[in-house]
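Following my numbering from start to finish, the sequence shown increments by one per residue and tops out at 122.
Worth flagging that the hints you see were computed from the coordinates, not collected in a lab. A few of these clues could be false.
Here are the computed lysine-lysine pairs in the BS3-like style, where the Cα-Cα straight-line distance is at most 27 Å [as the list claims (entries may be wrong)]:
(1) 56 - 108
(2) 120 - 45
(3) 56 - 45
(4) 108 - 120
(5) 45 - 108
(6) 45 - 111
(7) 56 - 111
(8) 120 - 56
Beta-carbon label-pair distances, calculated as ranges [as the list claims (entries may be wrong)]:
(9) 111 - 18: 18 to 24 Å
(10) 4 - 32: 33 to 39 Å
(11) 6 - 33: 27 to 33 Å
(12) 3 - 59: 19 to 25 Å
(13) 29 - 3: 19 to 25 Å
(14) 65 - 99: 36 to 42 Å
(15) 121 - 17: 17 to 23 Å
(16) 41 - 81: 24 to 30 Å
Fair warning: this is a prediction, and the values are worked out from it, not measured in the lab. From the three backbone atoms N, C-alpha and C, an ideal C-beta is built for every residue, glycine too.
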Amino acid sequence: MNLIGNLIWLLFGGIIAAIIWFLAGLLLCLTFIGIPFGLQCFKISMFVLWPFGKEIELGHFGAGGLIFNIIWLVVFGWEFAIAHLVIGAIFCITIIGIPFGLQHFKFAKLGLIPFGAKIL
3 MNLIGNLIWL
13 LFGGIIAAII
23 WFLAGLLLCL
33 TFIGIPFGLQ
43 CFKISMFVLW
53 PFGKEIELGH
63 FGAGGLIFNI
73 IWLVVFGWEF
83 AIAHLVIGAI
93 FCITIIGIPF
103 GLQHFKFAKL
113 GLIPFGAKIL
């Protein structure tokens, strides 16, 4: 079931979402200060590419991760989270779209707190 869900996901926007996260990572890696944030975008883009069958475990960060998560949240994390929440709500309007909407809700969590998050 995960394979079918992932293939349908790729056809109906998964590739576009992964490319957007990847491009955000490239833009952030243009500066030395943005490299840690860009690396998180690359991690998220790989997760967005093939999300079914994977879960997110939040909260494994130290003091540095907490500081980076706060900076991420204030600067651009909330935009990513709101975008995924809106897209997820739109998908959840139909019964067929509910599994895809739930995936976007997972991305919203990861978009808020990427540092220290484990993708299982």
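- prompt: Of the hints stated earlier, which fail here?
  reply: Numbers 11, 13 and 16, in rising order.
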